[in-house]
Structure formats: C-alpha cells, structure tokens
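Model the full structure from these sequences, guided by the hints.
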Amino acid sequence: MKGVFILKLEIGNFHVEDIRFGDSTEFNDGILTINKDEALQVVKEDRHITDADIKIVKPGDQVRLVPVKEAIEPRYRMDEGPLFPGVTGNLQQVGDGMTVALKGTSVLVVGKHWGGFQDGLIDMAGEGAKYTYFSQLKNIVLVADTDEEFEKREQQKKNKALRWAGMRLAEYIGRSVSNQDPDEIEEFELDPITKRDTDISELPGVVLVMQPQTQMEEDGYNALNYGWNANHMLPTLMHPNEVLDGAMISGSFMPCSSKWSTYDFQNFNLIKRLYEEHGETVNFLGVIMSNLNVALEQKERSAQFVANIASNLGAEAAIVAEEGYGNPDADYIACLVALEDAGIKTVGVSNEATGRDGESQPLVSLDPKADALVSTGNVSELIKLPPMETVIGELEALARDGLSGGWEDDEELGSSVKEDGSIVMENNSMFCGDGVAGWSTKTMKEF
Amino acid sequence: MSNKAVVYINQFFGQIGGEEAADHEPEVRDGVAGAAQAIAPNFDGEIVKTVICGDNYMSSNQDKAVAKILGELEDVDFDIFFAGPAFQAGRYGNACGAIGKAVKEEFNVPVVSSMNVENPGVDMFKKHIYIFPGGHSAAKMRDDAKKMAEFGNKLLNEEGPFLAEEEGFYKRGIRHQYFLPDETPAADRAIDMLLKKINGEEYQSELPIPEQDLVEIAPAIQDLSSTKIALVTSGGIVPVENPDKIQSASATRWGKYNIAGQDKLENRASNKYKTIHAGYDPAAADADPNRVVPLDALRKYQEEGRIGEIHDYFYSTVGTGTTEGEAARMGAEIAGELLEANVQAVILTST
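In order, the protein sequences belong to chains B and Z.
Okay, so the first sequence: first residue is 1 according to our numbering, each after it adds one.
Okay, so the second sequence: first residue is 1001 according to our numbering, each after it adds one.
These are computed hints drawn from the structure, not numbers from a lab.
Predicted, not measured: the structure shown is a model, and the values here were computed from it.
Coverage of chain B stretches by chain Z, computed from C-beta distances (three or more under 8 Å per stretch; other residues unrestricted):
{"#": "1", "region": "272-283"}
{"#": "2", "region": "368-377"}
{"#": "3", "region": "426-437"}
Beta carbons: idealized from backbone N, C-alpha and C, even for Gly.
So this is what it looks like as structure tokens:
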C-alpha cells in the first residue's frame, strides 16, 4: 500500500540460556555475560540511588525475592531511540522497525529494604514458584536502595528511582546484542483497518480493551502511555505494536498479584494470541487503551468511549482485560456492559476476590450481561511457604511495610514472616501472580 | 487404622416409626442401625454410631436436640459424619443440615449428606456441608447412600482439592483458585471463549454471575430534626496511632472513636486522625479527615437544628480488598451497637 504509513514491528529474539558476570557485557552463543561494575554505573546515573547490587537468579534457585517492584524485558531499539519514549527519553513513534530482545529473562527490581502496598514476592523454587510467571525466567536482579525519604515509611510508593534504574539497566543489557543477528525475528504488522483484504475484513472484527491501573490522582503512581499519566487520558485507539514495543510502562500502585509489570506490557500474551488468530479466525482491529478511574462519572465516561470506538471500528467482538480488583471492578463491568449493550460480544479477563474462605462476592460489581469471563486467581487466597535459603531484598518488608498480601499481626496467623523465615501471605503479594496479561494457568472453581 | 463414621437418620429410617414417632428424642446407638446400613457397604471403614432423631423433635427443639447429640458424641472417636440421605423430605433435610453444620463446627470433621434439589435443606445448608443431589424418595436410597459413602472415602483417603463440578455435590458458593492440570493459559481460554461466543457455540464462563443479595433501600426519614445520627466509614479514618490495628487492606477489624464534644476531626498534621486505607490516595483524607467522616458539616447541621443528635462515636474500618463476608460480619456488629445506642440513622461513607 503505497503512501500509507504502516507500523511494522520486528522483535529480534535472542534466547538466553545462561547469565553470568564477567569482564564485559556481551552475548555469545546463548550466554549473557554482564560486567557488573559497568551495569551498576548505569544504575547509579541517578543520584537518588544510594546503594545497588546486581544478582542473577534462575529457575530452581533456592531464592526468595521481596519486595519486588518491577520487571522489564532487556531490549534495545535498533534505531537507537529510547526503549520507553516519553519516559526514558524523547518521544517517538514505537511499534515500527526492529527492537531486539533477550528472551527468557527479565530485569527484576527489588528494594534492598523498603517495600509497599504495590510490591510483591517471587520464589524461584519450591512450592511458591508456581504462583508467578517470573520464577520461570532467568532474572537479572537489581537490588537497591534510594534516598527517597518522603516515601520510605509510606505504604504507597512511587518507586521512581528504582523503576527508572530498572529501565536503564534493561536497555543497557539489551544493547549487548545490538550488533548481532537474532535467533529469530517475530513480525507484527497489520494493514490499516480500512485497507484490509476482503478475506480478512470479512472475519469478525475484534478489539482488545486494556484497562491499566490509573486510579491515583497524584502523579507518579499510574501506568504511563508514552510517558503520559493514563489517568489523564480518555480511551484511545492504539496499534497493538505500540504496546509490545514500549509505549506503556507499569505503574506503582495496585496490589501486586493484579499488577501488569512493564514486562507484561512488552509481551502481552492476549495481543500475541490475537495476532495469531488474525486472518485465521478474526480480524484484529487493534487495542483500545482505556484506564481505571475513581469517580463513577469517570468510569462511565471511559466505558462509553470504549464502546463508541469499538462500534465505529465495526468490532463484532471484544476482550477486556482489567489490571486490578475491588473498586476498578466497577470500571471493568461497566465496560463489559457498555460493549454488550452496543451489540459487541465480549469476554472479560480478570482475577477475583472471594476472600480467604472463598465465600465472598467475586467482583465488587456484577452484571448478568458479563456472561463470558475468564478468571485468573483469587487475590486473597492464603499461601504458606517454607523458609528459603537465600532472601534477596528484605523478608521483613512483607510483614512490616504494608504489602497488600502481608501483615504484621493477625489474630489467627500472627505475623506474615515467621522467625524461621517461613511465611504466610495472601496471593495479593505474589508478583504479577494473577497473570491477567494472559499467562495465568489458574482459574477459579467451586469447592 | 480404619476410618470411623457416625451416621444421622430420622425416626422413620431408624425404624422407630412414621409420623406418630416424629417427636422421638435423639438417641445414639452403637454401630449400624436402620438405614445407616445403606451407607455401610460402600464406606471404607467402620460406622461406630448411629444417631436417630424424630424430625418434629429436631424442628421444634433444635437447640436442645443438637446440644444433646453433640454431648453424646463428645467422647466418640470419629472421622466423618453422614446425614441422610434425606430425599425430598423437607423436615428431614433441615434436620440433616442443622445437625451436620453443628457437628462440623464442633468436631471439625467433614459432613456429607444427600437431598433432592427441591428439598429446602439444600439452599440452607449447602454452604456448610457437602450435599449431593438425591432422588425424590427412598426408592433411590441405595444410589444416594452410595454417592455419600464413596465421597466420604475420597475425603478421608485423598488429598483433594474436591471440586463441585467433578464430585457432583451442590455448588456451595465457595470459590478458590485452582491450577489447571493442563496448564492452559488465560489468553488461550479467552480466545477460545471469544470464538465460541462469536460463533454462537456453547461456552462456560469461568465466573457465572451469582444471584445477587441486595438489601432494600430503607424509606426516607421524614423529620431529621429529632433523629440521632451516627457516622460510619469504610475509609479507614483512625486516630494516628491506629489503636485497634485495623489492617490497611483486607480488613477484619473495626474501631470506634469518641467524638463527643468535638467540632470536627483534627488532621494527621495535628497528630489526631489519619487514614490507613491503602486503596486510595491518602493526601486529602490526611489533610482533612472530615472529608471522609463529615463531622464538621454534621455539627453545623446540629447547631442549626436540622438534625437531632450525633452519636458519640464514629465507627471505622477499611474497605479495600475486604471480603463481602467480613464486611457483612463487621456491619452486623456495628449495627448491633448502634441499635443499642438508639441511633436512628447512619451516614455511611465509602471511598
């Protein structure tokens, strides 16, 4: 199609088989070597980072990580633009051109001491490993402290210095493969919606509606869209490639099992699955990037915008994914209902909150029109785990710092953290444990 | 060591008599008696006691009957409790449910029953004990008792989890997360469900929307000038030291705080009140707790004679992640106190 600008994203994948420390940061034959000193210099470019170390953890290691704040896939943009435009550098269009990625690995950002409501836990081995996708990855762990005294004892933390350090580190590591040929190239390309071949445009049109977490009024906590606080936007049409290629970064607010980390946005499984179906069973029309709000009118306004955009695109069906639970269930159900009312067949993906006993109402808001829901876990499921040989971060944070699934004292269960290092917690604090991006192998059943 | 069971049956199935014996007081016999024999052949263990009680006696003297049976079972060593099958017999179903629930709570053993779907005991007790769908009448005795016995064996000998859809007992509204054995990721499940929905094929929602337990809105109060009003919040406003250690999310505790003689709630900076709620931005509530617990506005109304009186305490808990079950319990506890204090209206603020 001449004269029409089309986003064509190529993700050049390098499969990481092992990670080690060494003299230079490089990638050879599946082995990623990291020069720790150099990597730490990148981390410490921000003077707010007061203390930092990097560790490597792999599936099966007897390691517990807490408080985990963020996960980012190491990548590098071959046009040398910033990995996260509007966040780590100038604004530019993403979702086009070549981005290289180190697969099977993530940069995990862990607080050396202090955690918060939004932070989580990862066990790399044992019973706890099954609760999070990130135990399956070889992880480059940045464990660091900052001078952000204003929020040291606050339950809600922006985690700005740490999260931004993680993004710099992911880009620094990603650069190591910039001069090599990837193991494979994934291509993501969609013709403009109105210019598609008949055999595709006659298939049922499907949109993916994403509801990232944006419920904090103050800046610094919400998911960002090209650096823009997504609380301050109305739902908008985006190319799926933009989401996969760094347009979105995770916020720092939601109870952790509900969180979509930046890694989740970069690899959003629902987007990849819709790409697979595109041209076969559906006509993938794109992503409607919505948000989650506080006031009822805001919730209704967003739902109305989503349904209207979907209708105008001629969508016959939609998938809605919600980052969060509790209050934002109202946004989720409102959006599902608005789409159904517009005649669009809709499936929802979210977790539930049925309580430790499993007896509570699964979502805050319910409607019989939400008749096709995928459930990815129970945020308040009680999880007991034995001690782990090594803790990276500070185990006490789980009990002390108000993590959403931890507590200092409970009549029946005592503290979340026991003297022998064993823990009792709610699923709430499993890092991105409910895999709403599409990873979750959990569902909800009647017992 | 073999498993030990206790079986509960009514006067009819205990071969004491029909309707004329329905006032029969509970008795506990050694070993298998009456229709407990229907359970025995399929139960992998020993039936150590059979409890027999008249249906009328249980329904008109339930507390007494339950207390007596619990008392007699106190020294009995048993691992599981079977009640019924009760078929479509309403009073019998109620009796099986009532004693089953009490036994489960007192002795912490699993309880298994069987009732026809029309039996009112199903809805009353399916949450508390395992109830299997059963026949209309005793013609189905053998089948229904077999289901109970076989599930009892499973409960005692296998690890679980025991899912309603696989085992066949009535769904209990108890939902837990479950790792799919075939590890199908959520994205695949969503696409599969979407394609089926598009194509008009049958699919199963993983969250069937349950029936809603809605509370009717009370009629408006005609004259507020003589009404005593209390302030209650799920917005987490507490004295800065959080004396009741109310949790910041998934709360199970509430507190009450004396506001007698206060014009307004002083803020966090004055070291008086703050919010511990972790589900919203605390800045505004910390700066002025009255925006969550509007004592200042209510005092003005009181001065102007628009309302009668403000209750001396406000009540507080945290709503984020707090389960419906815990919220209902706390609400009932707080309502009890308010009724005792003759409070006639409540301003309930959420966040």
